[in-house]
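Engineer: Below are the chains, spelled out letter by letter.
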Amino acid sequence: MRVLVIEDEPDLLEVVAQSLREADYAIDEASDGKNGLFKAQGTDYDAIVLDLMLPGMSGWDLLKELRKTKATPVLILTARDSLPDRVKGLDSGADDYLTKPFELPELKARLRALIRRSAGQANAMIAVGDVTIDTSDRTVRKDGQPVALTPREYALVELFALHKGKLVSRTMIYEHLFDEQDDSLSNLVEVHIANVRRKLGKDFITTRRGEGYLIHV
Amino acid sequence: MFKSIRWTLQIWHAGLLAAVLIGFGMASYYGISQLRYAEVDAELEQTVQILAAGVHFPPPFRGQGGRLQDFGRGRGRGDWDQNGPPFERRGRGPSTLEANRFPDREFDGLRNDWRGPGPSTRPGDWQPNVEIPATLAAKFSGEDESLYFVIWAPNGEVLRSSFSDKIPVPDPGERNSPQAWPPGPEPSTLRWRDDLREAYAYGPFESRMLVGRSTRAVRAELDHFAVLLVAIGAGVMAVGLAGGWVLSWRAVRPIRTITTVAQEISASNLSRRIDTADTKNELGSLANVLNDTFARLEAAFQQQVRFTADASHELRTPLAVIHSHAQLALSRDRSAEEYQKMFQTCLRASDRMKGLVDSLLLLARADAGRLSLTPAPVDLSDIAKDCVEMITPIAAKKNVTIETNLQSVELNADALRIAQVATNLLTNAIRYNREGGKVSISVGKVEKQAVLSISDTGVGIAPENQAHLFERFYRVDGARSREDGGSGLGLAICKTIVEAHGGTIECASKPGEGTTFTVQLPQS
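For the record, the sequence lines run as chains A and B. Residues in the first sequence are numbered consecutively from 1, following the numbering used here. Residues in the second sequence are numbered consecutively from 218, following the numbering used here.
Extracted from the complex, chain B is given alone in its bound form (with noise of 0.2 Å):
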């Protein structure tokens, strides 16, 4: 069942629907997870820059060394907002910021001391201002839950929380590059923690805050589009199998009719035929050419049933003869000349069944492809000849005169078969002309075919009857009388050695004037 063309059709379609769904639905939730982590990025990101944007560190060195003093008195707290790191205005000159570089060993130093509030001998200095504006205080504070943040002093101490679990500190070893001075804003790492994402972004002095939220919520949306995807998939092959089942049908359903027609008229009558009227397409096409099969097949079987019946019709009529001849001379005592007489019409009968035979059992031979032939170099001028020569005294008591024309001409050929197509034609040209009419043969050579060409005087043959001529069993006259002989196979016959020669024999003819055969064959 699997392997007809309809289940192989099913089950190309419901793959290629299949990889076509599970491509686009994979496609599909790809780009839209993309695009829903994007978004969660993108909004960590941007809150995590808010947030950076709003921790500020007071003058750190208030106390020592002059020029640090020096930079954090000239440097406003506001001036952060508007114009960026402060130490911007202050230009890059090493001479000013040498001992102020950043990150570097002195500030390593500084590092140290501010090692939480305990040890520092001045704590209350250290504690940066972080200012968290309403809007994102607001978001942190309940409406979106899964979002929280993060703040780390840059000892790695919680400053600020809106979350009371414990968020690994984001390590500056993994920063992408050291801080950069003036340690601006810096452009935030993303990173995931369990189902949690997380955007993390360095401030002043190590400080590091962090906003993450959940992706639960996310992950659960996504969940929820996968079973749409798959839900909606699996509709769309269900329609695609059963649209795809029925096309399929619809495609098969003329094979089908063509091949029930088809067994049907193998199985009895070679008369039936496809019905072309609703398959225009291909089918029709193929039901065409299996329609013209099929006609050619009956013609053919026709032909021989033909044949078979005209066979066994002209071996009735002399076996008719013996039969009836024997039952007649067996039925009294006859004397010596009648039985003689009887037993002359039995054999001149069997002669006729023999003759017949012969000439079946060639055209058998030839139809089986077994005509065996042995062709030698002959001349074909020296066979016109001898055949011309045999068939002299039958021409004479119809008194027809033979004319010869004979050129000699080489050729390959079994003698005896070329002369049996020689003589059939000859006896016909005589058998079929009027009295005191003439027979022309002639023997030539046409561009290497060596041609035999014999013409009679006769009533010709109309041109109706001509396309039959070399049928089996073809008769000009339906039914000729017996006495002019011949059994209807004698040019089907010559047809038949000529063509096995590779040669061909044509037939023209005008009623009233005469006939005219031409037989070519190739000289090798």
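Same shape as in the complex, but just chain A (with noise of 0.2 Å):
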């Protein structure tokens, strides 16, 4: 899953990237307010980590601005507590509010959760045939038994799995599999699938010739 992460504070932003890298999401980062929505408008992040009190331009702003052309779900982050400033915040589109100081596994589930919800999965367990995906603790069970994923093949089936029975085209998961600083060569996706395949079963993940790739429900 791929996150944006727009803070002006160079050492917050530092920890959060961090911390979310070291639960394998795949970060970009942004330390001002301009940098972000281009980062924002530009790609389909899963979710968006926003702080409110940004140089160049503000959170509200850019959240408004990014509403006028993307649903990504947004988490602000920030150190403004009181009332009116978290309502202000959700009622210009955030999807959720998280005021500093914060607990890091707070975050993590919040951004599972916003990511879950705006594929449109109210459950953390996602079941796909004799396939279960518990994204609470990142771990896939087939017929009962865990099966060991590498985080880069775990990624490739959640992401599957919150879009199950839709497609996923190669782009899809280029953006949503690797970060900006990320190079990987595009047939590296053929492996994690091929691999997934292994471990999960040949007809998990059905191939759309040109189109994609799929699972069906």
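Calculated from the structure, these hints are not laboratory results. Keep in mind that a hint or two might mislead.
Result set (SDA-like, lysine to any residue): computed pairs, CA atoms no more than 20 Å apart in a straight line [what the hints assert, rightly or not]:
1. B:K571 / B:L633
2. B:K665 / B:A632
3. B:K558 / A:P10
4. B:K571 / A:P101
5. B:K571 / A:P10
6. A:K199 / A:G129
7. A:K39 / A:F178
8. B:K602 / B:L633
9. A:K88 / B:R523
10. A:K34 / B:L633
11. A:K108 / A:L90
12. A:K88 / B:H530
13. A:K88 / B:A526
14. B:K558 / A:D130
15. B:K220 / B:I472
16. B:K571 / B:A526
17. A:K108 / B:Q544
18. A:K108 / B:L547
19. A:K108 / B:L536
20. B:K558 / A:Q18
21. A:K199 / A:D130
22. B:K614 / B:R648
23. A:K166 / A:R208
24. B:K558 / A:E14
25. B:K665 / B:V595
26. A:K108 / B:K571
27. A:K108 / B:A543
28. A:K88 / B:D527
Which stretches of chain B does chain A cover? Using the computed rule of at least three CB atoms under 8 Å from a CB of chain A, they are [as the list claims (entries may be wrong)]:
29. 523 to 534
30. 543 to 550
31. 561 to 575
Every residue, glycine too, gets a C-beta built ideally from N, C-alpha and C.
Could you fit the two chains together into a complex? Lean on the hints.
Structural biologist: Pasting the structure below:
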């Protein structure tokens, strides 16, 4: 899953980005409002972590501008904890609001919930045939038996599971699995898919030639 | 309750009204009674004079010494009325009247002779003629029952009386002055006998006449008048008190409104104001003063709230950095380098918090008036020199040159605090300067004031922002990049320190050209 973090405090940006990366997210960073908006408009992120007090452009303005084109889930992470601020933040298009100082596990859980919800899944456990995917502890079971997946393979499975029954294009896979610093070769996706098929069954992922991939409900 | 303005007003009002009414009533009563009694007196005096005029003595000494006989004979009874005392016409020459001096010893003898009809040898001759004018007689006879008269003979015997009771004969000894010669109508004398008013006069030969009347009617009239006065007074008092009560209510009502609103304001929200629409008078200006006070209070309160919010906001970010880094560090095993890096970040954040807390503490102390300064004689140029030395590496990093123009100026100040001001201003001048810009610092003396001036060649400050520049947490760029550092308290602290020294700090800026901060400090 790919997340954009917009935060002007370098140390905080670093810690959020690092902790999310360690949770196998692909993270893009922006340290001011304009840059953040540019990135947010240019890519379909799974979620955006947004600070409100930003140089160049405030978080509210960014959100307003972003909502004209994108429905990306936005979690506001700010030191402004007053009730009017929280209400204003949520009303201007944010999906969640977290005040500093915050707990990293909570931030991650809220992001998971946001991503799950935006993909139309209410449950943290997603079942696809005999495969169950637990997004809360990032584990995959087949016939009740845990299956060991690499972070990238898990991310791929989660992406397919969140969009089960829908076509997932190669571009989408690139956008959601790799951050802007990754320069993974395109055939790497094929490798990951081959590995997933090997571990979860050949028919888990169906290929639509020239269009993308699909898992059936 | 009686301490309230309304009651005080009412009590004063009642007191004044009562005093005025009582004074007026008493004056009226006194005036009217004087008038009435004067009328009675005038009537009595007039009557007694008429009475006196009607008493005639026939020639008393018929058959005795020739001169007196001449006197008697030569006098017509009627002459008395028209021409006054008969003696007058006789002249006053002692040669003719020596034996008839009045009142003298010879005459005493005469009086002794005339001791009533009994012992007198010729009593019939001594009956004076009493003529009472018809109008007067009518007056005494009935229409006014309270009026009476008595005429006494010289020996005190009642000659005529309209009154059966005994009336004390006026004592001639009480006469104001011995009867003058000739014994014409004398001014009458007035006396009180219980509630009887009497006027008496002395006629010829110690004869006396008295007219009196009962003043009961007058008294009754005056009592009636007094009752009327009291009734009117009570009525006026009642109306006055009611009016006063209404007036004081009207006067106090706006105060009560103001009090109620003021209570609500102090109790709950400071944004309410007293309605001054219907009070254009003194209370209106009081309400305006209160409203102004509330406005200032509200502004101060909001500033305080904003300050607290800003302070907590400023503290939250470094706290979040420390907290999250600690959480991240503990989430898994890491290499020594990673731990080191995280601790360094934590240290940086805690340094920032410490600086912020120090600044807040300084401002809080200054607000409480407990900013401890340790003034000592220092040279402002020395302080400036040290600060420039300290700041040069930072300036060099941004390729900013510092120009100095330092004249030695002695002043009495807390060197550390003044250095803090200079450093703050220098840091700002470098931070907001353009790449390769210039910072000028000068120290001089203007009219017993030490002047520190720091200019930069930066972007300048828009006029609308200059007014707020020294406010706490005010940032020209609402959310300036944190990489610039700065908490937004620097200039507020500078101002606080400078003002604690009794000095001033000013900012002059032209957008695009640069900004100059000027600090003036008194030398002593």
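Engineer: Now, for every hint given, state plainly whether the structure supports it.
Structural biologist: Hint by hint, here is what the structure shows:
1. Using a Cα cut-off of 20 Å, the hinted pair K571 (chain B) and L633 (chain B) holds, with the two alpha carbons roughly 18 Å apart.
2. Between K665 (chain B) and A632 (chain B), the direct Cα distance comes to roughly 18 Å. Compliance with the 20 Å bound is thereby established for this hinted pair.
3. Annotation: proposed proximity of K558 (chain B) to P10 (chain A) holds, straight-line Cα distance about 13 Å (limit 20 Å).
4. This hinted pair checks out: K571 (chain B) and P101 (chain A) have alpha carbons roughly 17 Å apart, not beyond 20 Å.
5. Annotation: proposed proximity of K571 (chain B) to P10 (chain A) holds, straight-line Cα distance about 18 Å (limit 20 Å).
6. Restraint check for K199 (chain A) and G129 (chain A): satisfied, since their Cα atoms lie roughly 14 Å apart, inside the 20 Å limit.
7. Under the criterion of a C-alpha separation no larger than 20 Å, the hint pairing K39 (chain A) with F178 (chain A) is consistent with the structure, at around 14 Å.
8. Simply put, K602 (chain B) and L633 (chain B) have alpha-carbon atoms about 13 Å apart, close enough for the 20 Å limit, and the pair holds.
9. Proximity of K88 (chain A) to R523 (chain B) is assessed by CA-CA distance (about 18 Å); at most 20 Å being required, the pair is judged to hold.
10. With a C-alpha separation of about 41 Å, the suggested pair K34 (chain A) and L633 (chain B) falls outside the 20 Å cut-off, and the hint is violated.
11. Restraint check: the Cα-Cα separation between K108 (chain A) and L90 (chain A) comes to about 19 Å, which is no more than 20 Å; the hinted pair holds.
12. This hinted pair checks out: K88 (chain A) and H530 (chain B) have alpha carbons roughly 17 Å apart, not beyond 20 Å.
13. The hinted pair formed by K88 (chain A) and A526 (chain B) meets the criterion: a straight-line CA distance of about 17 Å does not exceed 20 Å.
14. Among the hinted pairs, K558 (chain B) with D130 (chain A) is inconsistent with the structure: their alpha-carbon atoms are about 45 Å apart, more than 20 Å.
15. With a C-alpha separation of about 15 Å, the suggested pair K220 (chain B) and I472 (chain B) falls inside the 20 Å cut-off, and the hint holds.
16. In summary, the hint linking K571 (chain B) to A526 (chain B) is supported, as the alpha carbons are separated by about 18 Å, within the 20 Å threshold.
17. With a C-alpha separation of about 13 Å, the suggested pair K108 (chain A) and Q544 (chain B) falls inside the 20 Å cut-off, and the hint holds.
18. Restraint check for K108 (chain A) and L547 (chain B): the C-alpha separation of about 16 Å stays at or below 20 Å, so the hint holds.
19. Pair hint K108 (chain A) plus L536 (chain B) holds up; C-alpha atoms about 19 Å apart against a cutoff of 20 Å.
20. Restraint check for K558 (chain B) and Q18 (chain A): satisfied, since their Cα atoms lie roughly 13 Å apart, inside the 20 Å limit.
21. Restraint check: the Cα-Cα separation between K199 (chain A) and D130 (chain A) comes to about 13 Å, which is no more than 20 Å; the hinted pair holds.
22. Using a Cα cut-off of 20 Å, the hinted pair K614 (chain B) and R648 (chain B) holds, with the two alpha carbons roughly 11 Å apart.
23. In summary, the hint linking K166 (chain A) to R208 (chain A) is supported, as the alpha carbons are separated by about 11 Å, within the 20 Å threshold.
24. Among the hinted pairs, K558 (chain B) with E14 (chain A) is consistent with the structure: their alpha-carbon atoms are about 11 Å apart, no more than 20 Å.
25. Proximity of K665 (chain B) to V595 (chain B) is assessed by CA-CA distance (about 15 Å); at most 20 Å being required, the pair is judged to hold.
26. For the suggested pair K108 (chain A) and K571 (chain B), the alpha carbons sit about 30 Å apart, so the restraint of at most 20 Å is broken.
27. Between the alpha carbons of K108 (chain A) and A543 (chain B) the distance comes to roughly 16 Å, so the proposed pair stays at or under 20 Å and holds.
28. For the proposed pair K88 (chain A) and D527 (chain B), the alpha carbon gap of about 18 Å is at most 20 Å, so the pair holds.
29. Coverage of the stretch 523 to 534 of chain B by chain A holds in this model, with 6 residues showing a Cβ closer than 8 Å to a Cβ of that chain against a need of three.
30. Counting residues of the stretch 543 to 550 of chain B whose CB lies closer than 8 Å to any CB of chain A gives 4, which reaches the minimum of 3, so the coverage claim holds.
31. With 3 residues carrying a beta carbon less than 8 Å from a beta carbon of chain A, the stretch 561 to 575 of chain B meets the three-residue requirement, and the given coverage holds.
In summary, the numbered hints that this structure violates are 10, 14, 26.
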